[in-house]
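Spelled out from the first residue to the last, the chains are:
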Amino acid sequence: MLTGFDWDVIRRTAPYLFREGMTFTLTLTALAMAGGIVFGTLLAMMRLASYRVLSGVAGAYVNVMRSTPLVLVIFWFYFLVPWIGGWLLGASRPIQVGAFVSALVTFMMFEAAYYCEIMRAGIQSIPRGQMWAGYALGLSYWQTMGRIVLPQAFRNMIPVLLTQTIILFQDTSLVYVISITDFLGAASKIAQRDGRLVEMYLFVAVVYFTISFGLSSLVKRLQAQITVPSR
Amino acid sequence: MKYNWNWGIFWQLSPDGHGTYLDTLLAGLGWTLATALAAWLIALALGMVVGVIRTTPVNWMRRVGDAWVEVFRNVPLLVQMFIWFFVVPELLPASVGVWLKQLPRSAFYTAVVCLGLYTSARVAEQVRAGIQSLASGQRMAGVALGLTLPQTYRYILLPMAIRIVMPPLTSEFMNVIKNSAVALTIGLVELTASARSMQEFSFQVFEAFTAATLIYMALNLIVVRGMRWLERRLAVPGLLGAAQAMPQAGH
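Those protein sequence lines, which keep their order, are chains C and V. Here the working numbering is used: the first residue of the first sequence is 162, the next is one more, and so on. Here the working numbering is used: the first residue of the second sequence is 7, the next is one more, and so on.
Source of the hints: derived by calculation from the structure; they are not laboratory data. Note that beta-carbon positions come from the ideal geometry of N, C-alpha and C, so glycine has one too. Incorrect hints may appear among the rest.
[What the hints assert, rightly or not] Example chain V residues on the side facing chain C (calculated, C-beta under 8 Å, incomplete): (1) Asn-80; (2) Val-81; (3) Val-85; (4) Val-93; (5) Leu-97; (6) Val-188; (7) Thr-191; (8) Val-211; (9) Ala-218; (10) Tyr-222.
[Stated by the list, open to error] Derived coverage of chain C by chain V (criterion: at least 3 residues anywhere in the stretch with Cβ under 8 Å from a Cβ of chain V; other residues may be distant): (11) 228-235; (12) 333-340; (13) 363-373.
Produce the entire structure from the sequences given, and follow the hints as far as they go.
Have a look at this one:
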């Protein structure tokens, strides 16, 4: 049954797949994670703020993002980013934005909504008294958050943040819909050029599985290490 | 720099033969719902089974269940979609493969199977967590009463576990609806794809995407409301009052 397949195509194209495709995928994942966590934490702080306007805006943003499919969000930003860029720069027409920037903005903004919910739970897991203690010591809001609350919230949420990042890593494959050459995009190009769809897609699946499974096993180990047995 | 808004576009005729652009979007919504509901049925049925066998004392069953969840969780949905659409027909006997490829609406069937199996792994994970969150005394009590293992599950563990997993299953149901958009890559013209085609024909990109986003948000609202209602109907008085969901990674 498995005759007529040319598994050598993988060996021949692996350098291209990893150098072009996987590099893009990993760079996008890393940058989107960093941006997403920063922006997501700010959103979480906004959601928990006592100013109605702030928490309302952040809540609406998170709800819209979380009820929209990622594919649609990718399309949204693909068309929106040139307009926003043009508006920011005061240009007369929408500016040209590279595929990488467009994808990066998309994933940062989209994942921020998910990181926000994680960080919100993390912040809420810290007893409110610590906030008051900070204020009582004369620290400002930013000092109390930055030095007391957030470090603990991060620590408690590291396993969930990392799991979300593994999902982000898998999600970046969706840049396929705007024809970007990520790992899947590179494999898909070769698959169509050489007529080797079976070999290439199975190989892609194995690679994604290995990386995601390996990482999630590490996260599980980490979780077992840092979990406080009971409250 | 000015974008020409034209909200009247939805009432203009679209060149795809569906009628107006609004009809195009509604036809897409129909496919989104059909795909999501069919996949959800598969996911619930399989997910229950896999989730349950992962909590049984039988070793090989647990291992099969774990493998099932890991495989479907650790490969991107888009890659799974391509495998079901491009790879599986090639690996089957030639006659079956040809029949599959020539099936009318093959994209729809592929999307349903792919999304159903993908989501079943996530449902299984929730069901397992739900069963394991029950006090272990419940299982022991069942055995002590002389119930068989299937009876213990049927009468003691599952009735409580299912109520516990209702909130996480609500978000999984939302995920199925959202994830059905990935099927546009294999040619299913669901809601996102029809918004995209409306954008290509009419050039009114932001109107098309706004409409699609609003429809998804409305679906979200309906699902959340509906599940809340179901949760209240099924609540055991005095138990499980508004369980606080733990934060979880995922979409």
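We went through each hint and held it up to the structure:
1. At a threshold of 8 Å, the smallest CB-CB gap from Asn-80 (chain V) to chain C is about 4 Å, leaving the interface hint in force.
2. The beta carbon of Val-81 (chain V) comes within 5 Å of a beta carbon in chain C, closer than 8 Å, and the hint placing it at the interface holds.
3. Nearest Cβ of chain C to the Cβ of Val-85 (chain V): about 5 Å, under the 8 Å cut. The hint holds.
4. The interface hint given for Val-93 (chain V) holds, since its Cβ lies 5 Å from the closest Cβ of chain C, which is under the 8 Å cut-off.
5. Annotation: Leu-97 (chain V) was flagged as interfacial toward chain C, and the flag holds, the nearest CB pair being 7 Å apart, inside 8 Å.
6. The restraint placing Val-188 (chain V) at the interface with chain C holds, with a minimum CB-CB distance near 6 Å, inside the 8 Å limit.
7. A least Cβ separation of about 6 Å between Thr-191 (chain V) and chain C falls short of the 8 Å threshold, and the interface hint therefore holds.
8. Given the 8 Å rule on beta carbons, the hint for Val-211 (chain V) holds: about 5 Å separates it from the nearest Cβ of chain C.
9. Residue-level restraint check for Ala-218 (chain V) holds (minimum Cβ-Cβ distance to chain C is 6 Å; threshold 8 Å).
10. Given hint, Tyr-222 (chain V) at the interface with chain C, holds; its Cβ is 5 Å from that chain's nearest Cβ, closer than 8 Å.
11. Under the rule that three or more residues need a Cβ within less than 8 Å of chain V, the assignment of the stretch 228-235 of chain C holds, with 6 such residues.
12. Taking a C-beta to C-beta cut-off of 8 Å, the stretch 333-340 of chain C contributes 4 residues in contact with chain V, enough for the three needed, and the coverage statement holds.
13. Coverage of the stretch 363-373 of chain C by chain V holds in this model, with 6 residues showing a Cβ closer than 8 Å to a Cβ of that chain against a need of three.
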